[in-house]
Amino acid sequence: MIRRLLVANRGEIAVRVFRTAREMGIETVAVYAEDDASAVHSGRADRAVSLGAGPVSETYLSIPRILEAARASGADAVHPGYGFLSESPELARAVEERGLSWVGPPPSSIEEMADKLRARARMRAAGVPVVPGSDENARDDEALSSAAKEIGFPVLVKAAAGGGGKGMSRVEAASELPGALAEGRRIAAAAFGDDRVYLEKLLGRARHVEFQIFADRHGNTVHLFERECSVQRRHQKIVEETPSPALDAALRRAMGEAAVAAARSVEYVGAGTIEFLLDSERRFYFLEMNTRLQVEHPITEATLGLDLVRWQLEVAGGAALPVTWRSEGLAPRGHAIEMRLYAEDPVDFLPRSGSLEEWIEPAGPGVRVDSGFERGSVVGVEYDPLLAKLVVHAADRPAAIERALRALSEWVVLGVETNRPLLEAALCSAEFRSGDYATDLVARLPRRESGAPSDAAWIAAALSFAEKAAGTAVVAGPADPWGTANGWRS
Amino acid sequence: MSRLTAGDEARDVRLEKGSAELDGRTVRFREIRRGGALVALEIGGEVHPVRAVREGDRVFVACDGSTYEMRRGPAIAPGASRRGSAGEHGAGLLAPMPGRVRKTLVRRGERIAKGDVVLILEAMKMEHAIRAPRDGIVTKLDHHDGDLVEAGTVLAEIAADGT
Chain A
85 MIRRLLVANR
95 GEIAVRVFRT
105 AREMGIETVA
115 VYAEDDASAV
125 HSGRADRAVS
135 LGAGPVSETY
145 LSIPRILEAA
155 RASGADAVHP
165 GYGFLSESPE
175 LARAVEERGL
185 SWVGPPPSSI
195 EEMADKLRAR
205 ARMRAAGVPV
215 VPGSDENARD
225 DEALSSAAKE
235 IGFPVLVKAA
245 AGGGGKGMSR
255 VEAASELPGA
265 LAEGRRIAAA
275 AFGDDRVYLE
285 KLLGRARHVE
295 FQIFADRHGN
305 TVHLFERECS
315 VQRRHQKIVE
325 ETPSPALDAA
335 LRRAMGEAAV
345 AAARSVEYVG
355 AGTIEFLLDS
365 ERRFYFLEMN
375 TRLQVEHPIT
385 EATLGLDLVR
395 WQLEVAGGAA
405 LPVTWRSEGL
415 APRGHAIEMR
425 LYAEDPVDFL
435 PRSGSLEEWI
445 EPAGPGVRVD
455 SGFERGSVVG
465 VEYDPLLAKL
475 VVHAADRPAA
485 IERALRALSE
495 WVVLGVETNR
505 PLLEAALCSA
515 EFRSGDYATD
525 LVARLPRRES
535 GAPSDAAWIA
545 AALSFAEKAA
555 GTAVVAGPAD
565 PWGTANGWRS
Chain C
94 MSRLTAGDEA
104 RDVRLEKGSA
114 ELDGRTVRFR
124 EIRRGGALVA
134 LEIGGEVHPV
144 RAVREGDRVF
154 VACDGSTYEM
164 RRGPAIAPGA
174 SRRGSAGEHG
184 AGLLAPMPGR
194 VRKTLVRRGE
204 RIAKGDVVLI
214 LEAMKMEHAI
224 RAPRDGIVTK
234 LDHHDGDLVE
244 AGTVLAEIAA
254 DGT
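Quick mapping for you: the protein sequence lines, in order, are chains A and C. Under my numbering, read the first sequence as residues 85 to 574, first letter to last. Under my numbering, read the second sequence as residues 94 to 256, first letter to last.
FYI, nobody ran anything at the bench for these hints, they're computed from the structure. Watch out, some of these pointers could steer you wrong.
As the list claims (entries may be wrong) - Which residues of chain A face chain C? A few of them, derived with a C-beta cut under 7 Å, are:
#	residue
1	256
2	257
3	263
4	430
5	435
6	440
7	443
8	536
9	546
10	548
Owing to the predicted nature of the structure, the values given are computational and were not obtained by experimental measurement. Where a beta carbon is used, it is the ideal one built from N, C-alpha and C, also for glycine.
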């Protein structure tokens, strides 16, 4: 069993893992970069270890510093969260070599799936359909150009070592391809140290549906149903829901079986996600596997009534999956929706930074907030702009949408612009409500004007301007208690 | 009396005790405070929860589920919207957000065309191509790869061709 767990991450996911560890009686260790010492996560663990100063590559992304923090704190296990080093086979291997538990899949499984070209070849061999695209042998512009002609435009240029949409671009015509390949190679080399790119057919009006899978070290591999992730901007998800409105029982069974086959083919252990594209003719294709916990895992927890992080820790400690999971004894209940609150402009999606002057989280029936921020927190440029996740659970989909809008309206965030108006627009749209939507939903949303402020908003602003002036006078006046403290403060 | 703006909207607001004049219309209100801080306004029997935070001449207001950024002083001229990709200021190309200069792709004195990528700005894990808004010659380019820049910093200046 794990006794002391180091979480090699920050923000909401570190806080989320600490919570479960504490419930299991496991001691917790946070790590933090010096410029991030006041971040919420470092105060939520039993102890916190500094990773030193420097850019992210020398702190949260530094394997030697993470290992040193684990040694110094006496941790016997490392949970990587998502992002940062969560899909680093080097860290996984180094942790295991030191006799510590790695709360994640074996390094070999990570490597097999990290190389998107190799993963595609392996999936084809395992009988899992993949998106039509170029193969491993197409390396130079000439081979990729002829592959593009065969596939048919538009195509996507993707980085072989990539993920999360980085280095990805859409190409409409053959004339644009050489420029896009050069740009893709440059970004891929800078971001991943590997400039290989490949092509995938851009499927018209596709949906993005993923399956949660879980495996133990005793040969059991199961799926824990799907998550619909088609509400995206810049190829990144902002709203997820489960069950997917697009699946019926037969399609769910077929995709679930393919997901389990995909995980088995790389001898997977722990929590992972198989991402599929679902086209308008309801054909599905393997897109990629995320060999870690997903940002959107709480919606699965909501409908299945279980704690995925607990089972990550149990499996890392050697336990077998519960019998009810293996015998397909699980059945989702109700409907869950996650909304990601980002510090960004709701219209052009550019990241925003600043200080959270006011922060009041939604609450109430069926509402969960996983957050890495609080009032006074600073949102910087060096880290992911995800502020928090709002997860709602209700009896059915219409009730979940109403609950989501109710909870969003309770959220007070002042000082940093957020994408809340975009989240509201997506949930309010007729297309989302119908359930018949695809990854182009955000682009098709009617441009929504925020409207004129109400009388109350104008008056509050005027009071605020008036008040500050009065406040200044009080501080300078004789009634101010600090003013009488004999000048040591002046 | 002060002129308040929120995006394209503007009001002349005069505060009196227990009432406000909004563009000449009188609105009676009652302040509800907790620990000195305004938490709600009662207007015509309805209670509106509000939060307001002021920073200089800006105030952020959350009211009835919406958030506004309001300013004191004249309305921002139409067309000078801060939205969009890289902003322009005279001949200057402004950083649309705080970030780090990842790579500069042009040199000072170079003749470039509208749409050319001037530099790549990295912010919050994403790369943003900053493109030339017009044809011209790069006359100013002060930042080096790796420099941190604030939003609104002049990244480059591009003089129209032949001037």
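Comparing the hints with the structure gives:
no.	hint	in the structure
1	256	violated (16 Å)
2	257	violated (17 Å)
3	263	violated (10 Å)
4	430	violated (10 Å)
5	435	holds (4 Å)
6	440	violated (9 Å)
7	443	violated (10 Å)
8	536	holds (5 Å)
9	546	holds (4 Å)
10	548	holds (4 Å)
Of the numbered hints listed earlier, those contradicted by the structure are 1, 2, 3, 4, 6, 7.
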